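Just so you know, the sequences run in chain order A and B.
In this text, residue positions in the first sequence follow my numbering: the first is 31, and each later residue adds one.
In this text, residue positions in the second sequence follow my numbering: the first is 15, and each later residue adds one.
Hint data in this document are derived by calculation from the structure and do not stem from the laboratory.
It should be emphasised that the depicted structure is a prediction, and the values quoted were computed from it without experimental measurement.
We treat Cβ as the ideally placed atom computed from N, Cα and C, and that holds for glycine.
Warning: the hint list may mix true and false statements.
Unchecked claim - Below, computed lysine-lysine pairings styled on BS3-like, alpha-carbon distance capped at 25 Å:
{"id": "1", "chain 1": "B", "residue 1": "122", "chain 2": "B", "residue 2": "165"}
{"id": "2", "chain 1": "A", "residue 1": "73", "chain 2": "A", "residue 2": "32"}
{"id": "3", "chain 1": "B", "residue 1": "47", "chain 2": "A", "residue 2": "83"}
{"id": "4", "chain 1": "B", "residue 1": "233", "chain 2": "B", "residue 2": "278"}
{"id": "5", "chain 1": "B", "residue 1": "26", "chain 2": "B", "residue 2": "135"}
{"id": "6", "chain 1": "B", "residue 1": "233", "chain 2": "B", "residue 2": "206"}
{"id": "7", "chain 1": "A", "residue 1": "133", "chain 2": "B", "residue 2": "117"}
{"id": "8", "chain 1": "A", "residue 1": "32", "chain 2": "A", "residue 2": "83"}
{"id": "9", "chain 1": "B", "residue 1": "117", "chain 2": "B", "residue 2": "26"}
{"id": "10", "chain 1": "A", "residue 1": "41", "chain 2": "B", "residue 2": "114"}
{"id": "11", "chain 1": "B", "residue 1": "398", "chain 2": "A", "residue 2": "41"}
{"id": "12", "chain 1": "B", "residue 1": "26", "chain 2": "B", "residue 2": "342"}
{"id": "13", "chain 1": "B", "residue 1": "308", "chain 2": "A", "residue 2": "133"}
{"id": "14", "chain 1": "B", "residue 1": "165", "chain 2": "B", "residue 2": "223"}
{"id": "15", "chain 1": "B", "residue 1": "122", "chain 2": "B", "residue 2": "352"}
{"id": "16", "chain 1": "B", "residue 1": "426", "chain 2": "A", "residue 2": "140"}
{"id": "17", "chain 1": "B", "residue 1": "135", "chain 2": "B", "residue 2": "117"}
{"id": "18", "chain 1": "B", "residue 1": "135", "chain 2": "B", "residue 2": "114"}
To be verified - Listed next, the stretches of chain A that the computed footprint assigns to chain B, with coverage defined by at least 3 CB atoms under 8 Å from CB atoms of chain B:
{"id": "19", "region": "70–76"}
{"id": "20", "region": "94–103"}
{"id": "21", "region": "128–135"}
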Amino acid sequence: MKVLIVDDEEKFVSALAERLVIRGIEADWATTYSEALSKAETKRYDVAVLDVKMPGMSGIELRRRLESVDPHLRFILVTGHGSEEDYDIGRRESCFYILKPFKIETLLEKLEQAVNR
Amino acid sequence: MTISQDLLAKFKPRFLDSGTSAPPDSVLFNYRKFWLLSILLRAAVSLIPMSILLIFSYTMENEAIRNENRLHTVRVTSNARRAVAFFLEERLDALRFLTKEMKFETLKDSAELAEILRNLKIGFGGFVDLGLINSAGVQISYAGPFDLEGKIYGDQNWYIKGIKAGSFVSDVFRGYRGLPHMIIALRMSLEKGDSYILRATLDMKKLAKMLSSLEISEKSDAFLCNHEGLLQTPSRYYGNPLERIELPIPAYSPHSGVLETRDKARNRILLGYAYIENSPYILMLVKRSAEIMKGWHSIRKQINWFFAASVIVILLLVFGISTVMVNKIYDADLTRLKAMERLESSSRLISVGRLAAGVAHEINNPLAIIGENAGLIKDLFTLKKEYQGDPRLMQIIDDVLESVERCGEITKQLLGFARHFEPEITPIQIRQVLREVLSFLGKEASYRNITIDLDIPDDLPVVYSDHGKLQQIFLNLINNAFQAMKDGGRLVISAREREKGSVSVSVTDNGCGISEEDQKTIFEPFFTTRVSKGGTGLGLSITYGLLRKLKGDISMHSKLGEGTTFTVDLPTNPEAEIRNESPDC
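The task is simple: from the sequences and hints, build the whole structure.
Below, the structure is given as structure tokens:
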């Protein structure tokens with residue numbers, strides 16, 4: 031399984047990617063939307079894990095852009111913000127929505143579901 | 015409480031104790047002072063003009079009646095004087111006629127004189143006897159009831175005066191007969207130069223009768239007295255003839271007059287008097303002021319009663335109106351104060367919620383970093399053989415991860431307090447929701463021997479609300495009640511349609527209660543009394559947020575040591591607009 035993780039917090043995203051790698055998942059990470067877009071253009075991913083709030087471009091917008099690059103890509107939205115608005119968007123845009131902080135098991139589960147959907 | 019106390023409590027103004035229970039700055043103004051001022055002002059405005067009018071009219075009436083009485087007394091006295099004077103003059107004229115008409119020889123003969131007296135009595139009346147006295151002062155002929163022929167009168171006052179003046183009216187004296195009487199004397203001069211006196215005793219009774227007819231009211235008195243103050247005719251209150259009257263003798267005046275004075279018994283009297291010309295008499299008419307004013311006093315008494323009744327009615331009205339008015343102001347102020355307090359506390363809760371959400375958000379990101387990096391360390395340790403077997407390291411990492419998880423739970427709850435998901439409104443039976451909630455807690459209740467009474471009427475209307483949120487609300491409240499109670503406590507859950515469109519559900523426990531200090535902050539996040547037992551202090555604040563979202567309301571009533579009641583008001587109306595107070599994060 032190939033996963034692209036996008037979050038502006040490098041310490042978070044790098045650690046998460048490494049943990050997924052340890053668990054046998056091919057995980058790449060990006061801290062900006064442009065980096066994420068260029069990675070998606072060069073490599074085909076199964077699932078993208080996006081932070082909803084990022085500087086420059088929101089996770090929602092990024093999802094749209096990534097979708098146009100690769101229509102088969104599945105998405106999981108992650109946020110530390112629990113506002114109603116975000117929740118609604120998350121629910122509408124994607125069936126997978128996780129609140130930070132989360133257990134790695136939760137993410138693995140969601141990844142599994144996303145791929146098998 | 016007895017009926018009278020009940021009544022008293024009903025009429026006791028509500029604001030009277032307002033100064034004592036509430037802190038001084040929360041009372042908008044001094045109701046008691048305002049109330050008293052209002053009563054005083056109203057009473058003064060209505061009573062003072064009334065009293066002034068009453069006093070003014072009393073004074074005027076008094077003056078008018080006094081003047082009228084004076085005038086009346088003068089008039090009556092004047093008339094009486096004329097009558098008495100006429101009476102005397104008439105008798106004198108009769109004698110004068112006799113002296114001209116009758117021959118001296120006829121008058122000298124006592125038998126003839128008796129005939130004349132008889133005719134006088136028939137023609138005029140008022141004569142008692144008749145006598146002729148010669149110049150030596152000897153009564154040479156007499157006709158009348160006494161045997162006075164031959165008596166000598168030469169030294170008597172009336173005889174001397176009569177000879178001198180030609181005619182004389184005497185005052186009352188006893189004389190030879192020993193009885194009080196008055197006489198009139200007329201001189202008749204013969205050609206020879208001899209002077210005789212024709213004398214007649216007048217009937218006092220006739221005069222007295224004439225005077226008594228003047229006594230208009232019962233307590234008035236009319237009589238004659240001479241210039242020395244000796245009574246001449248009988249009086250009702252001031253003695254018998256020839257006794258001295260205890261009244262001031264007014265100075266001589268040719269006209270009738272009136273004096274206001276006091277008699278011996280210190281009664282105020284109105285004394286009408288008139289000097290009767292050509293006689294030693296003063297006519298006196300005494301009226302007692304108290305008697306004169308009697309009729310007026312009885313009217314005044316009625317007016318006074320009416321006035322007193324009016325004053326009482328006015329005072330009652332003034333009291334009532336002022337009380338109702340100040341009560342209304344007091345209630346309005348109280349309502350406003352309460353509304354202000356509620357507004358303040360709800361806006362505080364909202365801002366606290368906003369803050370909490372902000373804090374939670376800021377914390378969640380670093381928390382995620384800690385979590386992932388700690389997880390990474392664990393993963394790396396698990397891979398490397400030299401750390402794998404070290405239980406202490408593993409334990410440390412697990413502790414960190416567990417703490418991150420706990421923090422995550424708290425921030426999620428915090429966000430839950432601020433976040434309001436769109437509720438899903440469906441018709442709900444309160445009984446059904448409560449049964450579901452109690453089924454979670456039934457085990458704990460039976461284990462702790464807690465009695466749960468459900469008091470829900472069958473006709474309770476259906477509530478349109480969010481099922482899951484209602485469950486959460488009741489779960490929180492009942493859970494709190496359980497925490498507050500000791501084993502063997504009693505929980506009462508009752509539901510009522512309190513007013514149209516609203517159902518109240520109250521959860522009452524007989525637990526430890528909440529102190530007044532804590533009651534103020536009970537709905538704020540992180541407020542908990544169960545610090546050591548792992549309470550997060552978010553239960554009630556979340557409940558509060560949920561209820562606001564459902565357009566409901568929550569209130570509490572608690573007494574330390576007796577228990578607590580939380581009351582939840584829910585709208586039954588499906589169209590009820592959902593409150594939108596969610597902070598814009």
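Hints and how they fare:
For a cut-off of 25 Å, the pair hint linking residue 122 of chain B to residue 165 of chain B stands: about 14 Å separates their Cα positions. Restraint check for residue 73 of chain A and residue 32 of chain A: satisfied, since their Cα atoms lie roughly 9 Å apart, inside the 25 Å limit. This hinted pair does not check out: residue 47 of chain B and residue 83 of chain A have alpha carbons roughly 62 Å apart, beyond 25 Å. Note on residue 233 of chain B and residue 278 of chain B: the hinted pairing holds, with a Cα-Cα distance of about 16 Å set against a maximum of 25 Å.
Taking the CA atoms of residue 26 of chain B and residue 135 of chain B, the gap is about 87 Å. The hint is violated against a cut of 25 Å. Restraint check: the Cα-Cα separation between residue 233 of chain B and residue 206 of chain B comes to about 56 Å, which exceeds 25 Å; the hinted pair is violated. Straight-line distance between C-alpha atoms of residue 133 of chain A and residue 117 of chain B comes to about 169 Å, which puts the hinted pair past the 25 Å bound. Proposed proximity of residue 32 of chain A and residue 83 of chain A is supported: the alpha carbons are some 23 Å apart, at most 25 Å.
Restraint check for residue 117 of chain B and residue 26 of chain B: not satisfied, since their Cα atoms lie roughly 104 Å apart, outside the 25 Å limit. At most 25 Å may separate the alpha-carbon atoms for a hinted pair to count; residue 41 of chain A and residue 114 of chain B exceed this at roughly 167 Å. Proximity of residue 398 of chain B to residue 41 of chain A is assessed by CA-CA distance (about 22 Å); at most 25 Å being required, the pair is judged to hold. Proposed proximity of residue 26 of chain B and residue 342 of chain B is supported: the alpha carbons are some 14 Å apart, at most 25 Å.
Between residue 308 of chain B and residue 133 of chain A the CA atoms are separated by roughly 111 Å; this puts the pair beyond 25 Å, and the hint is violated. As the CA atoms of residue 165 of chain B and residue 223 of chain B are separated by approximately 31 Å, the hinted pair breaks the 25 Å bound. Distance restraint check for residue 122 of chain B and residue 352 of chain B: the Cα-Cα separation of roughly 122 Å exceeds the 25 Å cut-off, and the hinted pair is therefore not satisfied. Of the supplied pair hints, the one linking residue 426 of chain B and residue 140 of chain A holds, its CA atoms being roughly 19 Å apart against a limit of 25 Å.
Annotation: proposed proximity of residue 135 of chain B to residue 117 of chain B holds, straight-line Cα distance about 20 Å (limit 25 Å). Under the criterion of a C-alpha separation no larger than 25 Å, the hint pairing residue 135 of chain B with residue 114 of chain B is consistent with the structure, at around 19 Å. Three residues within the 8 Å Cβ limit are the bar, and the region 70–76 of chain A against chain B gives 0, so the coverage statement is violated. Under the rule that three or more residues need a Cβ within less than 8 Å of chain B, the assignment of the region 94–103 of chain A is violated, with 0 such residues.
Closer than 8 Å: that is the beta-carbon criterion, and the region 128–135 of chain A has 6 residues meeting it against chain B, so the requirement of 3 holds.
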